[in-house]
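Enquirer: Sequence:
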Amino acid sequence: MNDGSIDLKLSRHKPTAAVLFCAVFSCLAAAQSELPEFKQSDPISDYLNAIELAESQTSAYSTELAELYLGLGKSHFSRKEYEPARQAFQRGMQIERVNYGLHSLSQTPYLMSIAETESYLGNWDKSQQALENLYLINAQAYGENDPRMLPVLDELLDWYLTTYSERPANGGYQNLLISEKLGDRMYNILQQTDDLGDPEVPQLYRKLSHLHFFIADHLKEHGEPAENGFSFNSGATVSSANTTSRMHYQRGEDALQKVIESLEQQDSPSALDQANAMAELGDWYLVFGQRGSANKAYDLAYQSLEGSEQTEQLQQSLFGEAKLIDFTKLNSKHHFSLAANNSEQTNAEAEELEISVTISEYGVPKNIEVLNAPENLDKKTHRKIINDIRGTRYRPKLINGQAISSSIIFPYPSPHQSQKIQG
1368 MNDGSIDLKL SRHKPTAAVL FCAVFSCLAA AQSELPEFKQ SDPISDYLNA
1418 IELAESQTSA YSTELAELYL GLGKSHFSRK EYEPARQAFQ RGMQIERVNY
1468 GLHSLSQTPY LMSIAETESY LGNWDKSQQA LENLYLINAQ AYGENDPRML
1518 PVLDELLDWY LTTYSERPAN GGYQNLLISE KLGDRMYNIL QQTDDLGDPE
1568 VPQLYRKLSH LHFFIADHLK EHGEPAENGF SFNSGATVSS ANTTSRMHYQ
1618 RGEDALQKVI ESLEQQDSPS ALDQANAMAE LGDWYLVFGQ RGSANKAYDL
1668 AYQSLEGSEQ TEQLQQSLFG EAKLIDFTKL NSKHHFSLAA NNSEQTNAEA
1718 EELEISVTIS EYGVPKNIEV LNAPENLDKK THRKIINDIR GTRYRPKLIN
1768 GQAISSSIIF PYPSPHQSQK IQG
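First residue of the sequence shown: 1368, per our numbering; consecutive thereafter.
Treat the hints as calculated values from the structure; they're not laboratory data. Even for Gly, the Cβ is constructed at its ideal location relative to N, Cα and C. Do not rely on the hints blindly, as some may be mistaken.
Stated by the list, open to error - In silico EDC-like pairs for lysine to aspartate or glutamate, Cα to Cα no more than 20 Å straight-line:
no.: 1; residue 1: 1696; residue 2: 1640
no.: 2; residue 1: 1663; residue 2: 1628
no.: 3; residue 1: 1587; residue 2: 1533
no.: 4; residue 1: 1663; residue 2: 1620
no.: 5; residue 1: 1447; residue 2: 1413
no.: 6; residue 1: 1733; residue 2: 1721
no.: 7; residue 1: 1548; residue 2: 1513
no.: 8; residue 1: 1690; residue 2: 1666
no.: 9; residue 1: 1493; residue 2: 1450
no.: 10; residue 1: 1548; residue 2: 1584
no.: 11; residue 1: 1733; residue 2: 1688
no.: 12; residue 1: 1690; residue 2: 1640
no.: 13; residue 1: 1493; residue 2: 1533
no.: 14; residue 1: 1690; residue 2: 1728
no.: 15; residue 1: 1751; residue 2: 1588
no.: 16; residue 1: 1587; residue 2: 1693
no.: 17; residue 1: 1548; residue 2: 1499
no.: 18; residue 1: 1447; residue 2: 1533
no.: 19; residue 1: 1663; residue 2: 1673
no.: 20; residue 1: 1751; residue 2: 1736
no.: 21; residue 1: 1663; residue 2: 1688
no.: 22; residue 1: 1548; residue 2: 1511
no.: 23; residue 1: 1751; residue 2: 1719
no.: 24; residue 1: 1587; residue 2: 1620
no.: 25; residue 1: 1751; residue 2: 1584
no.: 26; residue 1: 1548; residue 2: 1621
no.: 27; residue 1: 1690; residue 2: 1676
no.: 28; residue 1: 1696; residue 2: 1492
no.: 29; residue 1: 1696; residue 2: 1620
no.: 30; residue 1: 1733; residue 2: 1693
no.: 31; residue 1: 1690; residue 2: 1721
no.: 32; residue 1: 1747; residue 2: 1688
no.: 33; residue 1: 1751; residue 2: 1721
no.: 34; residue 1: 1493; residue 2: 1448
no.: 35; residue 1: 1747; residue 2: 1736
To be verified - Per label pair, the in silico range of CB-to-CB distance:
no.: 36; residue 1: 1410; residue 2: 1560; range: 39 to 45 Å
no.: 37; residue 1: 1450; residue 2: 1745; range: 36 to 42 Å
no.: 38; residue 1: 1468; residue 2: 1721; range: 53 to 59 Å
Can you build the whole structure from these sequences, using the hints too?
Expert: Pasting the structure below:
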């Protein structure tokens, strides 16, 4: 998978689409050169012209048309024209199926794009259907337990966990139930291959730990809904009736310990990466109230850097100041370009407050103060900000391996509305 794109690498290369595009743009450029002033090209018009040209020279199902429709859909999406975007993606996928079969892997970028578009339309069930189809065609090609399914599961997990916060409690819970099933499949494949030396493995186990934090945190805040059964491509119903925060705490801990084990088996392992994995395990203990275990893990991480190059600098990078613990940040290599290109947020809209906080040796924020509170900051909003910060936990500052109380100042972004329709 390429960084910064939801598109997976296709099993083939289509130079004809590029040639047609060059021909179309050359014609447009030649026509524009005769005008007294340059007129900027419109991407949607360019794609439509290229599609018309391809259809007139070949057929309505020529292979190069699929990529043109994918580009057309992305152009519509960037303008928030979700309905025509969906139609373009579906047309491109139909062409792939006609040419390469109903279960062709080349459908992947179209299915991901359809899922993203449907979510912006509020059609979360249709998003799930597109992603389930994506899973099915890959499982049919490779087999459910084949290691080649790991990147597919990784990307699906990214999608469901990333969109969790964009849904209300019940919808978010459905995301988590599906994610748990996907996570179980990923874990089973990792256990089956048992190749801790694979450089991709640490991040996969880290992803699993984050998944279990999401679930435990959701159950803590919302509890379990009365109707909690949900299925994702399975004859059996996924039920969380017997799940508890304790179980997810244990499974997340096990996953983070696997991260440490895996890093130890890498070729030329980085001392900083290993120490950071130990510190993350300490973070896990701390957010679940295991202060003694957290301090031991932090001290072990701190001491592990002794004797390495630039010991003091590395220790400072991990423990030089208190840092927010956030297991909801995926730090994924995947990046959903459709959503990224659709963002309206500007620097002016992302106004920031300046917050001063004292972080105790146990990572608890105290003495919270808004330093640059605007005059129109009402008491309710101020109280919400304080309560939000009180609900967080921080990795404490360490001196000689020992946690101490410290003060920090950090920016707090103003809330902004989600663009998606919740459901």
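Enquirer: Determine for every hint whether it applies to the structure shown.
Expert: Do the hints match the structure? See the list:
no.: 1; hint: 1696 - 1640; verdict: holds, 17 Å
no.: 2; hint: 1663 - 1628; verdict: holds, 17 Å
no.: 3; hint: 1587 - 1533; verdict: holds, 19 Å
no.: 4; hint: 1663 - 1620; verdict: holds, 14 Å
no.: 5; hint: 1447 - 1413; verdict: holds, 18 Å
no.: 6; hint: 1733 - 1721; verdict: holds, 15 Å
no.: 7; hint: 1548 - 1513; verdict: holds, 16 Å
no.: 8; hint: 1690 - 1666; verdict: holds, 16 Å
no.: 9; hint: 1493 - 1450; verdict: holds, 13 Å
no.: 10; hint: 1548 - 1584; verdict: holds, 17 Å
no.: 11; hint: 1733 - 1688; verdict: holds, 15 Å
no.: 12; hint: 1690 - 1640; verdict: holds, 17 Å
no.: 13; hint: 1493 - 1533; verdict: holds, 16 Å
no.: 14; hint: 1690 - 1728; verdict: holds, 12 Å
no.: 15; hint: 1751 - 1588; verdict: holds, 16 Å
no.: 16; hint: 1587 - 1693; verdict: holds, 16 Å
no.: 17; hint: 1548 - 1499; verdict: holds, 12 Å
no.: 18; hint: 1447 - 1533; verdict: holds, 17 Å
no.: 19; hint: 1663 - 1673; verdict: holds, 16 Å
no.: 20; hint: 1751 - 1736; verdict: holds, 13 Å
no.: 21; hint: 1663 - 1688; verdict: holds, 18 Å
no.: 22; hint: 1548 - 1511; verdict: holds, 13 Å
no.: 23; hint: 1751 - 1719; verdict: holds, 15 Å
no.: 24; hint: 1587 - 1620; verdict: holds, 17 Å
no.: 25; hint: 1751 - 1584; verdict: holds, 19 Å
no.: 26; hint: 1548 - 1621; verdict: holds, 17 Å
no.: 27; hint: 1690 - 1676; verdict: violated, 23 Å
no.: 28; hint: 1696 - 1492; verdict: violated, 25 Å
no.: 29; hint: 1696 - 1620; verdict: holds, 17 Å
no.: 30; hint: 1733 - 1693; verdict: holds, 18 Å
no.: 31; hint: 1690 - 1721; verdict: holds, 16 Å
no.: 32; hint: 1747 - 1688; verdict: violated, 30 Å
no.: 33; hint: 1751 - 1721; verdict: holds, 15 Å
no.: 34; hint: 1493 - 1448; verdict: holds, 18 Å
no.: 35; hint: 1747 - 1736; verdict: holds, 15 Å
no.: 36; hint: 1410 - 1560: 39 to 45 Å; verdict: holds, 43 Å
no.: 37; hint: 1450 - 1745: 36 to 42 Å; verdict: holds, 39 Å
no.: 38; hint: 1468 - 1721: 53 to 59 Å; verdict: holds, 57 Å
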